[in-house]
Structures are given as structure tokens and as C-alpha cells.
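Single-letter residue listing:
Protein chains: 2
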Amino acid sequence: MKFLQFIFCCVISLPVYAGQWEALPETPPIPVDNPQTAAKIKLGKTLFFDPRLSSTGTISCNSCHNVMLGGEDNRPVSVGVEGQKGGRSAPTVWNSAFLSVQFWDGRAPTLEAQAKGPVTNPIEMGMKDWDVTMAQLKLIPGYAAMFDAAFLCEQNPMTADNTAKAIAAYERTLITPNSPYDRYVKGDKTALSKQQVSGMKTFAEIGCTACHIGANFSGPPMPMGIGWFLKFPSFVGSEYDEKYRLMADLGRYEATKKEADKHVWRVPTLRNISLTAPYFHNGAVKTLAEAVRVMAKTQLNKNLSNTEVQDIVAFLKGLTGEFPEQTMPRLPASPGTSVIF
Amino acid sequence: MKFLQFIFCCVISLPVYAGQWEALPETPPIPVDNPQTAAKIKLGKTLFFDPRLSSTGTISCNSCHNVMLGGEDNRPVSVGVEGQKGGRSAPTVWNSAFLSVQFWDGRAPTLEAQAKGPVTNPIEMGMKDWDVTMAQLKLIPGYAAMFDAAFLCEQNPMTADNTAKAIAAYERTLITPNSPYDRYVKGDKTALSKQQVSGMKTFAEIGCTACHIGANFSGPPMPMGIGWFLKFPSFVGSEYDEKYRLMADLGRYEATKKEADKHVWRVPTLRNISLTAPYFHNGAVKTLAEAVRVMAKTQLNKNLSNTEVQDIVAFLKGLTGEFPEQTMPRLPASPGTSVIF
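Chains as they are written, first to last, in the numbering used here: chain A, 1103 to 1443; chain B, 1103 to 1443.
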């Protein structure tokens, strides 16, 4: 099944999507069972920035998915509780609402499902389980009213599911519209430089758009929960396999244990990509230029010229959007007693 | 000298300051060599939130002095790079501009001097030295223009001194006015409850105001750089010495190596104290009520009744001010390449 998806991605999509440049919509898909409300978004933002969602009181969602940066931490892999390092590089939270599946291996079908992962991951936020997490949150009096306001009519709204829903609702506001690329696509032909337009052309011609297509450059429109996957490296045997340890992580196989999912990955967004070095699932590649070179070789079996690389990098820099100004949440007070022990 | 300060604090100040209730000024003292400007405050806020000021790219000033909380991290002691724990509890950054010396032991005479400490502390932000820190900051192109704007006319403004100046300028904006106490003192007699007024009276009568006096409850007006110190515990021998390890840390002695400075500490602010559990330099006391009990016993040799404790706690809750809404800084982008190695 996933193998078929991979075939579909590589072979069938190219003629269908190549050349269809799309601007980023202003709003992402919203699931019917989690409508956006101001109270829910406010709660979600508060939770997103609250380090008391971790066992040590030191790691919030924002620690690794830093919205003040490009939505991640500019590290090869992130650092969780007790200084522990994760195995994969933190993906950006900006525009993640446009991804049809979450995590590098697509193992979460929704932002709601994703939000539940890191909190109880022993090397990320380190909470024992969600019962302990909710018990800890309930020690902070201010949250009760916020959950009540966000989940009206619910008897006991302080649940793990609602915590995840609120965080997802906030994340669905993290959209970066009006990049030079978007303005260009909407008709402002001065928005991209000559070099950027040249890079855009090369990007399509050599086949990057076979997979990095759609408004989010992460694949064609897919139903939520259905991923757009690709094998990486597709062309095994280049110098990069060893240089950047590309064969070390089995990717989606780790989640499904299906042979066909070995080295299969969800196609990541390229939006704001120039802000999120280092690159790839293991953060092994330090520069965007090198990332472009590696992708061309391992996915398209092409050796790019320096000019082609520079042009594509210039184009990719044109995918940096406008980050909406945000106010800081006031985290509800610890109740005159410590909640972290 | 410090011993004399201690004597002065305990004996002489009581009649002078007791009963003089002061509201928090809207602006703190500003040093003549570091005037406030919008550009400098903006730079300082950006630096304050930037984890790339640490060796691992994970710890910002805000990690331990969380302005979205009570200005610290609600932990007994903070966690720095590589999961290392510090020896003392992070003091609040809110209203720290009103303190005449910084750190628990008062070893920094200014916020500028304080700001330089944690960055190169191996268990806090872990940078090797300030040369390495500035070299790392210089890799982030966006900072050059921000330093230029903040330090006009300087040839090479990206220095450690200017980094500290900018952070201090931002910290001088972190003021929480208009607490119920402030409104009460300014004439609104309904701002504090009956119990809070009763607690305020007890607070003064039993002698808390001998040291926790002045607008910031951290001592009388002192010239910047001159500390208001006290021995803690002043009355040695209570059960609390062992229970809360009060004799383990030699306090200011660790900075000066002077015999008279053993167990001497800068008097901390009580503003927003109900938000900053757990308490004391080692974070050993979990609740505000117990902190009040311990202080009365160890500093005034008094055993408070439960009513007295509850009243004082109610009064102290009246010291929680208004936290000005803040926008999040956009941290300047890493330059399409990793700056953390």
C-alpha cells in the first residue's frame, strides 16, 4: 500500500502537478470535530509555551518548535528533558497545519495526534503518561477556567484529548503567507528576482516538483491522515549515503514494521526552509546549498551545476513568508506551591 | 564592612523604614551610561529570548527567567545546558531593575554585569567565553543591523558589553505595577481585603519590614551597586536549618571569601512572590505559607500562629502586579546554515 503510494508519488504525480504553482491559502483545513475558537486557540497557545507540560518543568512545545525562529530549533536533533537528545531533527511547526500527516515518518494522522506524542516521550518532555500530565496541569488553578471557556458544555474538559485539540487549534494559526513566491504566483512579477525565477524553473524542470508540490511544497492535496511519502534516498549508492548517514534511520518502517516502508519518509514542506538549517531528518546537512545538491543526487540522480544549486537556493529563500506578530501568553500561575517535584 | 551592613539592616533600619509603604514607581533607575532606547530594548528582548546564546542552542535567558511566568521557572534550581542543574533557584527577572545588586549573593552590581554571568557559566548557558559568544552571534546576519540601530555611531557595536547593555535595557521594562497593594497604598482602600490588610499589619508589626521594605520589598533605596544584605538564618538552631538545608550554602561568602559574609544574602523582592514557588535560594520550601513560617522563625525568632501565617500569605498575594502584554520577538534567522555545532 505504502509502496504503491511511493510509486504513485514518483511516476504518476509528475505530469499532473508539475507547473501548477499555488499560493498558500490563508487558512488550513480545519477538522470538523475541532473547530477553531478564540478561547481554544488562547488555551492552546498557553499550553504550547508552558514548560510545566514536561516532567522537569523545563521543556515546552516551543522549546523544540520555536515559533520565534523558523518553527524549530536550528539544531541537528532536539534536546529534551535531562539533556537527552532525540533521534530526528524537529520539523517546523509553521504551516504544519497544511501537512496531511505529522512526524517525519507520518505516523500521526493529525496535529491532535501529533501533540500527544512528545509530552510522554521519555527523551522529549518526559511525562510518565497523560494521566500524570493532566494531574500536573490540574494543580495549576488558572487552567480550569481556560479549559471551560475552550470546551463549553463539557463536564470535565481537562482531558488529554482536549489538551491536544487546543494545541492543534493554536498550531492551525501558525501560517506564513505572502512570501515573495506567493506574491509572484498571485501576479506580482517583481516579487521574485531574475535568479529566483530561474531557480523556480530549474526546480520544476529537474523534477523537484514531482514531490515538493502543492501550496505547502509537501505534496498534492491529500485527505487528512493520508500521507504523501517518498523513499529517501531513492537512488542508493551515492557518496552522500555514508557522508550524511542516510541509511541509518529506517524511517516509516520504524512505525509500521513493513518492509516496503524502509527509508520511506513523509515529504516535508519547503516553506521557510532557509530558516531551518540544519537539514533532513537527522539534521546532518548544514547548508541549504548542500541539501539541494544531496536531494538532486539521491532523489533524481542528477549532479547539479553550482549555478543550478545557487538558483534553486535563491528560489527557496523566496518561500520565506510573513510571520504574524504574536503576543506572549501569560502562563497561569503555579498555586503558591511548586508543581514540579 | 558587609557585617556592618548587616548590623545596619537589622538594627538601624527598623525605626527608619517601618510603616513607610511605597507603591512601585513606573520606571526603575536607569544608569547614565545605558539610556533606554526603543532599538536597544528591542535588541535586548530578542537576545533575551534567543537560545543561540547558549552552547547547545537550547537555553535562553527566558528558559530560567520566564517572563511568561513569574519571571523564573518554578523549579527548586534551574536546568542549564546538557541537563545540568544549578546550585541556586533562579530569581525573578520581573522588577529586578529595582534591585541595587544582582544574584542571590549580590555579586553583580548592575543588571549589565548580571547578564554576562549565565552565558559563560558552564552549567547554565555553557558558552566557552564571550569571544565565542559574540562570534556565534555574528554568524546570524540579522543581528548586525539591530546592534547598529541600538548603538548608533559605534564602529563595532557587536560586543559583549553591548549585548549585556541591551539585555539590561529590556529587563528594565519588566515592571509589574498596580498590584492590589499598590492601589491600596495610592488610596484605593478596597484594593486589599480585610484579611490582606490584617496581614499587612502583622507583616510590619512582627518586623518583616525591617528588611523587606521599600517599593520593591527588597530594602530601602540604595545606590546602585551597594547591596542590602542580611544573614539567613539570623537565628541559627531551629528545626528548619536541617529540614531545608539552610546552612549548606555559604551565600555571599562564596563570592567574597570574607568570614563576615558567611550565610549573608541579598534581601530578595517579595513582589509577585505567590507566583514563584518554590522558595529561598535553594528552592527547598514548597509553599508560601511555609516560607513565611520559616522566615519568622529564622529571622525574627518568632513562631507565628496559623492565622498570622494565612494573613501574611493573603497580603503577599496582594503584591502580584499587572504584567504588561508583550509581543514575541522574531529571532533573526540562522543564515541558511547551522550556527550550533
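Treat the hints with care, as some may be off.
Any copy, or any two copies together, can satisfy a pair, since identical chains are not distinguished.
Stated by the list, open to error - Within a straight-line C-alpha distance of at most 30 Å, the following computed DSSO-like cross-link-like pairs (lysine-lysine) qualify:
no.: 1; residue 1: Lys1388; residue 2: Lys1230
no.: 2; residue 1: Lys1388; residue 2: Lys1303
no.: 3; residue 1: Lys1240; residue 2: Lys1345
no.: 4; residue 1: Lys1360; residue 2: Lys1218
no.: 5; residue 1: Lys1230; residue 2: Lys1404
no.: 6; residue 1: Lys1388; residue 2: Lys1240
no.: 7; residue 1: Lys1291; residue 2: Lys1240
no.: 8; residue 1: Lys1230; residue 2: Lys1345
Keep in mind that the hints were calculated from the coordinates and are not lab data.
query = What label fits Lys1230 with Lys1345 when the C-alpha limit is 30 Å: within, between, both, or neither?
reply = between (37 Å within a copy, 29 Å between copies)
query = Are the CA atoms of Lys1360 and Lys1218 at most 30 Å apart within a copy, between copies, both, or neither?
reply = Only inside one copy: Lys1360 and Lys1218 sit 24 Å apart there, 52 Å across copies, limit 30 Å.
ask   = Between Lys1388 and Lys1230, at a C-alpha cutoff of 30 Å, which is it: within one copy, between copies, both, or neither?
value = This pair counts as between: shortest inter-copy Cα distance 22 Å, intra-copy 34 Å.
key: Copy assignment of Lys1388 with Lys1240, given that the CA separation must stay at most 30 Å   = Only across copies: Lys1388 and Lys1240 sit 17 Å apart there, 42 Å inside one copy, limit 30 Å.
task = Could you place Lys1240 and Lys1345 in one of the four classes (within, between, both, neither) given a Cα distance threshold of 30 Å?
result = Classified as between: cross-chain Cα gap 28 Å, same-chain 48 Å, threshold 30 Å.
request  = Check Lys1230 against Lys1404 for me: Cα-Cα at most 30 Å, and say if that holds within a copy, between copies, both or neither.
outcome  = For Lys1230 and Lys1404, the Cα distance exceeds 30 Å both inside one copy (47 Å) and across copies (42 Å).
key: Within, between, both or neither: Lys1291, Lys1240 at alpha-carbon 30 Å   = For Lys1291 and Lys1240, the Cα distance exceeds 30 Å both inside one copy (53 Å) and across copies (34 Å).
30 Å Cα threshold - placement of Lys1303 relative to Lys1388 = within (25 Å within a copy, 62 Å between copies)
The structure fails hints 5 and 7 (numbered hints given earlier, in ascending order).
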